[in-house]
Structures are given as structure tokens and as C-alpha cells.
Amino acid sequence: MMKKNRNKILIIGSGRLGASIAGKLSAAGLDVVIIDKDVSSFRKLDDEFGGYDIVGDATDLFVLENEVLINEVNEVIITTNSDNVNLFIAHICFYVYDVPHIYVRLNDNDKGILLKNTTIKPIYPFSLSFEEYMRKRSENDNYENSHS
Amino acid sequence: MKIVIANGRHEADFMIKKFIQDNHKLVIINSDQHFGHYISNTNHVPVLFGDSTKAYTLDDAGVHNADVLIALSTDDIENYVTCITAKRLFDVKRCVSVVRNPKRVDLFKKLGIDSVICSTYLLGESIKYESLIESFTKTLSLENDKIVITELLIEDDYLIAGKVIKNIDFPPRVNISCIFRDPEVIIPNGDSLIKAGDKLIIVSTPKDQEMIVKFFKTKVDDDE
Numbered sequence: 094m095m096k097k098n099r100n101k102i103l104i105i106g107s108g109r110l111g112a113s114i115a116g117k118l119s120a121a122g123l124d125v126v127i128i129d130k131d132v133s134s135f136r137k138l139d140d141e142f143g144g145y146d147i148v149g150d151a152t153d154l155f156v157l158e159n160e161v162l163i164n165e166v167n168e169v170i171i172t173t174n175s176d177n178v179n180l181f182i183a184h185i186c187f188y189v190y191d192v193p194h195i196y197v198r199l200n201d202n203d204k205g206i207l208l209k210n211t212t213i214k215p216i217y218p219f220s221l222s223f224e225e226y227m228r229k230r231s232e233n234d235n236y237e238n239s240h241s
Numbered sequence: 442m443k444i445v446i447a448n449g450r451h452e453a454d455f456m457i458k459k460f461i462q463d464n465h466k467l468v469i470i471n472s473d474q475h476f477g478h479y480i481s482n483t484n485h486v487p488v489l490f491g492d493s494t495k496a497y498t499l500d501d502a503g504v505h506n507a508d509v510l511i512a513l514s515t516d517d518i519e520n521y522v523t524c525i526t527a528k529r530l531f532d533v534k535r536c537v538s539v540v541r542n543p544k545r546v547d548l549f550k551k552l553g554i555d556s557v558i559c560s561t562y563l564l565g566e567s568i569k570y571e572s573l574i575e576s577f578t579k580t581l582s583l584e585n586d587k588i589v590i591t592e593l594l595i596e597d598d599y600l601i602a603g604k605v606i607k608n609i610d611f612p613p614r615v616n617i618s619c620i621f622r623d624p625e626v627i628i629p630n631g632d633s634l635i636k637a638g639d640k641l642i643i644v645s646t647p648k649d650q651e652m653i654v655k656f657f658k659t660k661v662d663d664d665e
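Protein chains in written order, with my numbering: chain P, 94 to 241; chain Y, 442 to 665.
Chain Y with its partners taken away, still in its complex shape (with noise of 0.2 Å):
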């Protein structure tokens, strides 16, 4: 994939450091002289000086028909109008902008920003589902927290393990969509066995989160 930097610091050389590890190709652009040559340095990847909202600094640099830019500034309309010049202009197919204003979310997307990140946001959100949820379920959320993803490691001593899924009587809106056990990846169909040590992904809305959370950690002396 071709990816765009447009701005950040260590959040753009942290994602950069990734990016090249997957190899993909890059194309950084950086304000902020002195951070753009320490990217530079430490990285090994060229990085352009300049005004990422200025057109002729996205054509200098090449971002044309990049599969994502990413744009990274401490200012949010800086970002919004990297994103819709790359995206007008340049025929950028995903543009991600960080916010740090979280009222700005919906009104970016409505403006045409493919996805938009704010982190105060994210952050209230992930301390509400961690005090929420005991710490060894993992969860993702997607689409600005309409679908969550949540990871469950089945214990020994949990109702459901051993048994076969047809036999389990779910609480509606249920779906488990993968059965991970080392080193082999399922998706279950009704006659799938969940075993201890087993992880499910389980995709859900935020609402029945808990609840399911809750069904499946049903242990064998709870039912008693």
C-alpha cells in the first residue's frame, strides 16, 4: 500500500516504524523542520518539509493515487484541509484525520473525511469499557463504538466450555465469529465444540456488551 504521513511527531513515527516493518511504501510529510530530520535519521526514509495543506507541497511530495493518508497535525483544520485536498486533488482513496476537538467527529465525516480519529474521545470510551469489563477481555471498537469487538479466553470452569454451540442457549444478539485455539483459526457453525483455553472473538452492539460478557462467564458453580 501507498501510505501518506502528512504531520505528527511520535505518534507519525511510531506508525512509521510499523509501516515500514509491513513494508509498505511511504510518503512523509512534515511541518515541523527539526522533527521531520530526526524522522529522517532515525527512520532511513526521506521526509519533505512543508505545508501539507498547500497543494503544490502534496504534488512535490507524490501522493498521488495513495491508498491512505493519514493526517497527523495538533491543529484540526490543518488536517481537514490536508485530507480534502489529497482527496479532491490528488484522488487519495482513504483519508483518516485526527481530531482533537471530539465535536468535530461527525462533522468531518459529513464533510467527506473517510474515517476520523480523536483520541480524548477513544480515551473516555476505553476507560468507560475498562472499568466496566474485567481486564483480561479485550475489545475493539469500530465505526465510533456502533459495533464492539470483544475478545474472551474460555476458562475451565465457565458453563459454556465443553459444550457443543447448538447446545448452548444464547441470550439474542449473539454472534460469535471466530473460535481461535492456537494455532488454528474456526468459524464455528452450530456443531462447533468451544473447549477451555479456547479465545472467542464476539461481535456485538456497546449495549449488549456486558451482558454477553456476563453469559459466557457464567461459571458451573453459578448455575448450581
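So here's chain P without its partners, still in its complex pose (with noise of 0.2 Å):
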């Protein structure tokens, strides 16, 4: 089988994240497709988005195959609301269509040990803020010792 041109990248969820990275790389100039269960999410996008928005539910393997063209994409960025939902995609992605690129967003970090062996990314809110408000801290202490 010839092997297809993966050039697409397709973003799960139009939350203010999945959002905000569509228009990001549309405006770079690359190939965005957004894909989100509700139609009004899509108007989180910006006027700068230049790609494709679909309305279906990506758990769907028929939507991924025939609308979202799952096999001419080569990264997938997954930011649902749900954990559960997420992991599962990241899974199908990952173990039914062979996606070169796998980022998820997972709440809760404890459901990371399931993306072991594979070479799915995660993206963790909570470590995020955690090293942040670490980050934050130290420079307060910081500017405290030097005027003490």
C-alpha cells in the first residue's frame, strides 16, 4: 500500500486551548483541521484560522476515517474536557492509525502511566501551574533576601 502524504494536523477539542493552538498554526501557514462535538465551540476560534472545523464526535472511528482523513495526519493534538475521553483517543490514534505525533491534555496526572510504551506526549495542566506558582515563589523569595 502506497503510503499517504501525513501532512495534516488535526486538533481535538475547541476549548480555549484547542482554540487557541488552531489559530496559532493556521496563521503559521499550516494545514489545521479542529474537530469538536458542539458548533458553538468553534467560535472560540480567532478570525485568524484558516482551516477546517467539523462537527462530530472524534471517539467515532467512521468520522476520523472519512471526514477528519485520520490517515494524512501527522499530529494530533487532543484537549477535550474529559481524561477519559482523551486517553481513549490518544489510544486509537496512537494503536489503531499510527499518528507520528501524539500530544494529549490529561488533568490528572496519575492517568499518564497509561501512555507507557507508546510515544504519545502528555500535556499536564496541573504541573504546569505546580512549577509556575514553585517558579513564582522563588522569585518572590528571591527579591525578599536581596532587600532584607
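What the hints contain is simulated information worked out from the structure, not anything from laboratory work.
A portion of the hints provided could be inaccurate.
[As the list claims (entries may be wrong)] Dumping the calculated DSS-like pairs for lysine-lysine here, alpha-carbon to alpha-carbon at most 25 Å: (1) Y/K550 <-> P/K214; (2) P/K101 <-> P/K137; (3) Y/K551 <-> P/K209; (4) P/K209 <-> Y/K534; (5) P/K214 <-> Y/K495; (6) Y/K544 <-> P/K130; (7) Y/K528 <-> P/K209.
The two chains are supplied separately, each in an independent frame; assemble them into the complex guided by the hints.
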């Protein structure tokens, strides 16, 4: 079978994060597709977005194959508001469709262990907030120390 | 056996009653506090209230090394995550997931769930069989309908009643696995006799089932 040309970026979930990534990558000239179950969530997309938006369920293989054209996707970013759904879709993209680059948002760091032995890259808002707090706090300490 | 039952309502209750009767060791997790109480009170068993997709819930419940986990939530994806977590982190030997969406049966299997049950799918299949075959033939399908087991009662006027197996001219692909002659269970060979009142257990493909049932039910008069 001829290897299809994979050049699309797929974003699943058009929340604040999904929509922002979509806008940014689309503005940079990349071929972006964004999918969400709810049509009203595309209001978050900014005017710069020049890709496709698809209303549909990204856990449905028929939608992934026939509407998203998953075999042409090189990179997927999964940002729905459910960790379980995100994990499930990440597994589908990895085990069923061999998508080369997979990023998934997980609010619960513990779920990351289920990505073992895959190339799926998790994004943990918890860790980011925690690290940011610790960084800000240490800046503050440094400031106070230098003024005492 | 150590059996874990995650979520579910009346079907969970039904299974719990059955497994208690059979003296299995049960671990029960339910995310619905009210129903959890109900199950606990009616069956006198401990129920852990919590989200079975979280590793710490499964840990608290003590699902480690269970023989079977059955995920009965109405949310397919919740069942998937429960099963995968139990399998990968707690060495549960066999995971069974119920799904609502029949399209997910094959997908779940591909992703590593041992057994996937979809009631819509089964209902459709059994209605199909019920309408094909007369009601006193019981059937059971396995491996998602690749194999069917048919139970057939031999009546006095069947052509094969009173014949020895090797003297019967069977159509191809027929396998009598077992003859049940209360209280005896006979594993037949060529010399076994089929008597009226016997129950035959026949394994076949669904495709051949109708043909086989028709063959066995040929009556003495039909042949003339």
C-alpha cells in the first residue's frame, strides 16, 4: 500500500486551548483541522483561523476516517474536557492509525502511566501550574532576600 | 475466583447475587452512591463508592490480581479506561467491557479489552435467530457469532432417533459435541446411539446452523 502523505494537523476539542493552538498554527501557514462535538465551541476560534472545522464525535472511527481523513494526519493535539475521552482517543490514534505525533492533555497526572510504551506526549496543566507557582514563589523569595 | 464488578445498576445487582451463590470473591465498585448503598444492603457485601477510572480507586478496592473485571457503566469510554487501568496497573487477568455503541466492539478488542459485550448487538442477533429457528432449539453464540452452539431435543418421530451415529448420513461440517441423556453426559463416537429424548449439543458456524437444524429435525414421514 502506498504511504499516504501525512501533512495535516488535527486538533480535537475546540476549547480555549484547542482553539488557540488552531489559530496559531493556522496563522503560521499549516494545514489545520479542528473537530468538536458542539458547533458553538468554534466561536472561540479567532479570525486568523483558515483551516477546516468539523462538527462531530472524534471517538467515532467513521468520522475519523471519512471526515477528518486521519490517515493524512501527521500531528494530533487532543484537548477535550474529559481525561478519559482524551486517553481513549490518544490510544486510537496511536494503536489504530499510527499517527506520528500525538499530544494529549491530561488533568490527572496519574493517567499518564497509561501512555507507557507509546510515543504519546502528555501535557499536564497541574504540573504547569505547580511549577509556575514554585517559580513565582522563588522569585519572590529572592526579591525579599535581596531586600532584607 | 476473584471478580471485580465496576459500576452498573440492576445488571450488576443480578450478577452479584449470582456470583455470591457460586462463592466467588467479589470486589464491587460503584460511582453511584445511592445504588451502591442499595447493592450493599440487599446483598450484604461491601461496595466501594468511587470512580473506577482512577487508579487509586482500583487500588483502594484491592483489585490486584483479580481473575476477572466486568465494567458495566453506561459510558463506554469509562469502561475502556477502567479495563485498561486494571489490566496494565493491577494485573487483572481478564477484562470484560459492556458497550452501548455496537461499533465499538471491534475497536475495544483491538485496543486490548479481552471481551466486549454489546446488548444492542446481541439483541439484534438473538431476534434474528429466534425468528429463524423454532423456539425449542436453544442457541448460544461465542466469539462474536463466529461459533454457535445449538441445543436440540430429539423427538420420537425424527428420522435419526434410534440410529447409530456412523450409520447416519450427515451433511458436511456437523459436529455433535455432546449427548445429554439425563443424568448422563455422553461424548459421542461413531458407535453412539441417538435416542428419542436425548439433547444434542451441536457446534457449528452460524451459516450452517439452519441447515443442520433442518437436517436433524427431518421427520420419518418427510423422508418418504
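Restraint check for P/K101 with P/K137, where alpha carbons must lie at most 25 Å apart: holds, 21 Å
Does P/K214 lie within 25 Å of Y/K550 when you go C-alpha to C-alpha? Holds, at about 24 Å.
Please work out if Y/K551 and P/K209 have their alpha carbons no farther apart than 25 Å. Holds, at about 17 Å.
Just to be careful, I want the Cα atoms of Y/K528 and P/K209 compared with a cutoff of 25 Å; is the pair within it? Holds: Y/K528 and P/K209 sit about 13 Å apart, inside 25 Å.
P/K209 paired with Y/K534 [C-alpha distance capped at 25 Å]: holds, 19 Å
Assess, step by step, whether the Cα of Y/K544 is no farther than 25 Å from the Cα of P/K130, and give holds or violated. holds, 18 Å
Does Y/K495 lie within 25 Å of P/K214 when you go C-alpha to C-alpha? holds, 20 Å
Checked against the numbered hints given earlier, the structure satisfies every one of them.
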